[in-house]
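Novice: In case you want the letters, here they are:
Number of protein chains: 2
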Amino acid sequence: MGLPLLALVCCALMAWQHCAAEAAKARHFKWEISNMFWSPDCEEKVVIGINGQFPGPTIRARAGDTIHVQLKNALHTEGVVIHWHGIRQIGTPWADGTAAISQCAINPEETFTYRFVVDKPGTYFYHGHYGMQRAAGLYGSLIVDVAEGKEEPFKYDGELNLLLSDWYHESIHTQMVALSSKPFRWIGEPQSLLINGRGQFNCSLAAAHTQGANQCAAAVNTQCAPVVFPVQPNKTYRLRVASTTSLASLNLAIGNHKLTVVEADGNYVDPFVVDDIDLYSGDSYSVLLTTDQDTSSNYWVSVGVRGRLPKTAPALAVLNYGPNRASKLPALAPPATPAWDDYDHSKAFTYRIRARAGTPPPPATADRRIELLNTQNKMDGHIKWSINNVSMVLPATPYLGSLKMGLKSTLAAARPAETFSRGYDVTLPPPNPNTTVGDNVYVLAHNTTVDVVLQNANALSRNVSEVHPWHLHGHDFWVLGYGDGAYRGDAADEARLNLRDPPLRNTAVIFPYGWTLLRFVADNPGVWAFHCHIEPHLHMGMGVIFAEAVDLVGKVPNEAVSCGATATALMAGAHM
Amino acid sequence: MGLPLLALVCCALMAWQHCAAEAAKARHFKWEISNMFWSPDCEEKVVIGINGQFPGPTIRARAGDTIHVQLKNALHTEGVVIHWHGIRQIGTPWADGTAAISQCAINPEETFTYRFVVDKPGTYFYHGHYGMQRAAGLYGSLIVDVAEGKEEPFKYDGELNLLLSDWYHESIHTQMVALSSKPFRWIGEPQSLLINGRGQFNCSLAAAHTQGANQCAAAVNTQCAPVVFPVQPNKTYRLRVASTTSLASLNLAIGNHKLTVVEADGNYVDPFVVDDIDLYSGDSYSVLLTTDQDTSSNYWVSVGVRGRLPKTAPALAVLNYGPNRASKLPALAPPATPAWDDYDHSKAFTYRIRARAGTPPPPATADRRIELLNTQNKMDGHIKWSINNVSMVLPATPYLGSLKMGLKSTLAAARPAETFSRGYDVTLPPPNPNTTVGDNVYVLAHNTTVDVVLQNANALSRNVSEVHPWHLHGHDFWVLGYGDGAYRGDAADEARLNLRDPPLRNTAVIFPYGWTLLRFVADNPGVWAFHCHIEPHLHMGMGVIFAEAVDLVGKVPNEAVSCGATATALMAGAHM
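Those protein sequences? They're chains A and B, same order as listed. So the first sequence is numbered by the UniProt record's numbering: it starts at 1 and just counts up by one. So the second sequence is numbered by the UniProt record's numbering: it starts at 1 and just counts up by one.
Please note that the accuracy of each hint is not assured.
For identical chains, the list gives no copy identity; a pair is met inside one copy or between any two copies.
[Claimed, not checked] No farther apart than 30 Å at their CA atoms in a straight line, the calculated lysine-lysine pairs in the DSBU-like style are these:
no., residue 1, residue 2
1, Lys182, Lys45
2, Lys347, Lys30
3, Lys45, Lys120
4, Lys182, Lys72
Hints are computed from structural coordinates only; laboratory data are not their basis.
Please model the entire structure based on the sequences and the hints provided.
Specialist: Shown next as C-alpha cells:
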C-alpha cells in the first residue's frame, strides 16, 4: 500500500517538529469473525460477532490515519468481507470490502488485511457486505476525529455514540431463502430495534406509558440491558448517530430536548435545530444536544419506525442526567415517533440538510446523466427489484480484479440503459412486470462529472411506493435536489436543484413516487457499488455497479483476487 | 483426466464388437446446490437441495463408467463440496470432495466438475463434506451396477432403495455454534429419522400400535408422505440400504421378513440371514428379501435408533404387497427395534460379516501399525474428541495441493503419535482431560500395508463409551477383528483376528470400550480423511489424515487449489 512509507517520506522532507504533530498514525486491529449465541433483544439467537463482541469493536482514529484490520474468518463454511461505510478508499479500491465487487470473499480460516486511510473526520460505521451478513449483526462504529491540531467547527463537552439497527429472529440464511423463493416470501418487519446492539423484545421499558405493553423485567442479561447515556447538566453533547438497519427507516427523538444537526455522512452541514431526526439505512449524523432541562429527571431516547407501517416497537434508552440514578425511569412518556407515512415531516427534514459553508461546491455542469428507474418486478415467479428493468446479479469473480485484468466475458456485451422511457407512469404498477437480470455495470471515464437521477415508482401492488436509501461506494455525492412524481428535466425540475450549497453525502433517500438528483466526480479509480441500502432490496437486485477508470487502478493485491477467473488466470501465468 | 480418452484408445486396440459391449460410459450430470424450504418430517425448515430436490438425485451407473458432475454452488455465502462415499478415487484424489483436504471449497456462484471412475459395483452414496452440511440434507444415492455383460453373484427380481438419515430442526449453523461454544452445548438427539428423505415428526403412521402416539394425518405434503415400497408376491428383492445419519446408529427390520445380507460398503459378503440389520452412519448394505408372506397384508419397514438412548421415534415405511392398496396400513405392529444397549445383538451382526469367496485376501502381515485411541477431552472450556490426545483441526489451505507443492509450514513439525500409553485404562474417564489441537497427519509410504487399531475408551463422564463408525477415504480396508477392552496385541488379541475371510469395507464401528483392527494397502496416492462418520464428532475433531505418497499424485487441477496458500504460490509463479 505504501501509505505508512509515504508518511515517513513526508516526514523526512519536513521539519521533524512540525511533522510529529501532523503525522498520521497506523492503527492496527486484529479481528476474528465468528458466529456466536447472543441475545440482542433478550431472545437468544446466533449473531455474527467480532472478537466475541456484538456489535463489533468501535474503531476510533484521526483523519489521515491508516487503519489496518487483520481479519480472520472463523465462520465454519461462510465467506466474509467488511465494508467501511463512508470511507472513500481513495487509491485502495480493493479494501472497500464488497464481495464479488472489490474482492474475493475471505474464506473460512483465511485472514485478509484491510489497509486504508480515513482521510476525513466524521461518523462512519462498518458492516458485512456479503449475502445479508449485515443483518446477522456484522457491524460496528468507525469514528474519525479531526487530525491532531485541527478543530471541529462546533463545540461540545462530550460525546455519545448511537449505532442503530433492526433485528430479525429468523436467521439470515432462512431470510435469503425466503426472498429467493418461488413463490416469493417476504421476510416481514424486524422483531426489534436495537441501540448499540441492545433492545427488548415483547416488552417495553416504558410500559407505564404504552398501552398494552408489558414492563420489561429488571435486566437479567447484560446483552440486552437498557442502554444508558450518562450526561451532566448544562453541557453540550455530540451524539453520533448511524443507522445500519436491514429494513427499517428510523426516527430518533429525545424527550424534551432539541437536536442541532451538524454533520451528515462524514460531512459538515449548515446547523439546524429539530425535535427529531430521520435516519434511513446507511445514514449517519452528528447532532448536538444541550442538557438544559429539569435536572431531577432522566429522559427517554426513543427510536421508532418511519416509512413502513410500524409493526416493531420503538427502541428506548435512557438519557441519564447526573446525579440521578441510571435506573430511574423518566417520568414523562417517551417522545412519539412521527406518523410512519407523514412524508411531509420526512421531506422537511431531508430537504433542510445543506452543506456547511466551506464545503466544496459541485461542478456547475455534468458530463453525463444516468437516469435510474427503480421498479419492482417478477422474473420466473420470483420477485425482484430492478433498475431500468434489469435486476442486478453479482458475478462469481469480483469485478475489480477481472476488469483490471481485462478478462473476456466479464461483462455482458450490452451496456445497461442510461435512461428509461419518458412516458413511464410512476404512479402505476409496471405495465410490463417482467424483468431480466444483468450485471448493471456502468463504465465511467476518469474525472468525468456524473449526474444520477434516482427515480422512484409504484411497486407491483397498486398504491405502494417505498422509500429507498441509495448508498454510493468510493465517493461522496452532492444531493442537488428532490422532487415528486416523474423527473422530466424541464425548467420546473431544474428549479428544484440546489447548486449553491447542496450537501455532500454518501447515502440519499428517494421518497415514494419521487426523484432525487445526485452529482459526483468520477475521480477515484475502482469498481464501486451503488445500491439501495435496504438489505433485502439489495438481495433482490436493487443496485448498479460503477466501473470507474479501472485502467488507472494500482496493482490489486493477490489476496483480493485469489478466487474464480482471476485466480485461474493468474495461476496460468497472467499478471495483474 | 484422460479417462474417456483411455477408454477410446482401449477400444481402438480391441475388436470393436467386443469393445462396444465392454465400453464404459461417461455419465454427465449438471447439478445446482441451493438452500430451499422443505418439510422432511412435515415441519418446514431449510435444507440444502440439489436441483430443487431433497435428497439429491440418485446417480446410477455401471462399474467402469466415468461420472462427471458439473456442480454449481448456488448457496448465498457458503462454500460446498461433495464427497462420493465409498468411491476410492483411484488416480483422482482431487475429486474426493473433502474441503480443506482434497480441494478448495467451491465458492458461491462457482462451478467445479467432479470427474471420477466408479470402478466397483455396489451401493454407495454421496454427501456434503464441509462443516456439517451433510446434516443439512446434502446427500443422495450412488448405485453402481456390474459392468455390461457381468453378473451379480446373487439373483433378484427387483430393487428397492433405502437411503436412511436423521434430521434436526435446528439449522446446522446453530448446531455448529453450539458444538463450538464455551460452555459446550450438546445438540441433543435428532427430531426425526428419515427414509429417502421423508419422516413424520410428532406422529406415527402406526399409532394404533404405539402407546401414546398420535396417528399422522393423511398425507397433505408430498415432501413427508409415507414412503411406500411396492412389491409383488413371491419375488426376491435387493434392498440397497445406506445410512448417512448425522448422529444416529440405526436398525432396520421388515415385519415378518428375513433379510439375507449380501453386500457391505460395495463389497460382496458371505450371505447370511438375519431378522434385522444395524447400520452405523457411513454404512451401506444390500440385503435380499423374498416376498413369501401372507399376500393379503402390507408390512412395516421400521428403522429405529441403536447405541444411544432412543429419543427419536422410529421411521416407518410400507412394504406394499400388490395388489393391496398402498394406503392399507399393515395389520401387525411394526417390528420392535432391539434394545439400544443390546450390544451383544449388535456384535453378533457385525462380527458375522465376512467376505464372500473370491474377495481379495489381506496381505499376511503389515509394514506399520498405527494405534488410535479415541478420547473425549476438554480444551479451554470447549469439549473435543481427540485421537491420542490431539483433536484434529483442518487447515485454511487444503492438504492435497499444499503437500503436493511442498509448501513450507503446511504440517506441524512433530508427527502425531503412532500409539498410546499401554497402561491407559479405557474403562475410566481420561486421567488428563486436557487436549491440544493438531493436524493429525500421518504420512504413508507408497504400497505399504498399514494396520490401524481403533481403540475406544470412556468419555468424560463415568460409565459412558459411545459407538464410533470410522470411515476411510480412498480405500477399502479389511476388518481383521474386534475385541472388548484395551487392545494389547498379545496372543489373545491375535487370536481374535480373521485373516482368512475378513470383509472389505470403508466404514467400521468401534463398540463401547472396545477395539477394532483394520488393514489396508497404501496404494492410492492422495490425501485421505479417516474419521468418525458422526457429524458432530468430526466437527469436534475426531479424525486423522493420511497423506499417502503425495509425490506420486498427478497434476492437481487448478480448480481444486484456487484458494489459500496454493493459490498465492501459483499466482506468484510456482507450478503444481
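Novice: May I ask which of the numbered hints given earlier this structure violates, with the numbers listed in increasing order?
Specialist: 2 and 3
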